[in-house]
Amino acid sequence: MSDKIAAKLAELGLVLPAPAAPVAAYVPTVEAGGFLYVSGQVSFVDGALLKGRLGEDVTLEQGVIAAQGCGLMLLAQAKAALGSLDRIARVVKLGAFIASTDNFTDQPKVANGASELMVAVFGEAGKHARSAVGVPVLPLGCAVEIDAVFALVPA
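In the numbering used here, the protein residues as written are -3 to 151.
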């Protein structure tokens, strides 16, 4: 494999974190039927969990950075499972959960942190379907959690 995606990450100045271990009874990834399903990844930024709620103690800008952190962790989990991100043919869907107050309505802007990362890394193949949902609380008190579905290059 060419390691094209690794070169793109380096060009963007992005470094994948070490894949986080699951915090409960699940696995980080499942490969099935030509897809890789990645469990929800929480908002690690520079090795620390970004905690809080949008509209309360986390700004929109911090939320976008948190979502990008989730996106990097999704890629780290995918690389650990696949050996190379070049096995990803397309980003199919992201599901974004944003801890937020009942009057915060910019969940889509927060989720753009991960969405724009996928397009920057994969180009046209990074464009995906998405949901962006506000929730009152997330595991470990994190601000953002995002899961993903990736279509894989046929073997």
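Mixed in with the good hints there might be a few duds.
Computed cross-link-like contacts, DSBU-like style, restricted to lysine-lysine with a CA-CA straight-line distance of at most 35 Å [unchecked claim]:
#1 Lys75 - Lys105
#2 Lys4 - Lys75
#3 Lys105 - Lys47
#4 Lys89 - Lys123
#5 Lys105 - Lys0
#6 Lys4 - Lys105
#7 Lys47 - Lys75
Rather than coming from a laboratory, the hints here were simulated on the basis of the structure.
Hint check:
1. Lys75 - Lys105: With Cα atoms ~26 Å apart, Lys75 and Lys105 stay inside 35 Å; holds.
2. Lys4 - Lys75: holds, 14 Å
3. Lys105 - Lys47: holds, 18 Å
4. Lys89 - Lys123: holds, 9 Å
5. Lys105 - Lys0: Roughly 29 Å between the alpha carbons, so the hint for Lys105 and Lys0 holds.
6. Lys4 - Lys105: holds, 24 Å
7. Lys47 - Lys75: Roughly 25 Å between the alpha carbons, so the hint for Lys47 and Lys75 holds.
When held up to the earlier numbered hints, the structure conflicts with none and fits them all.
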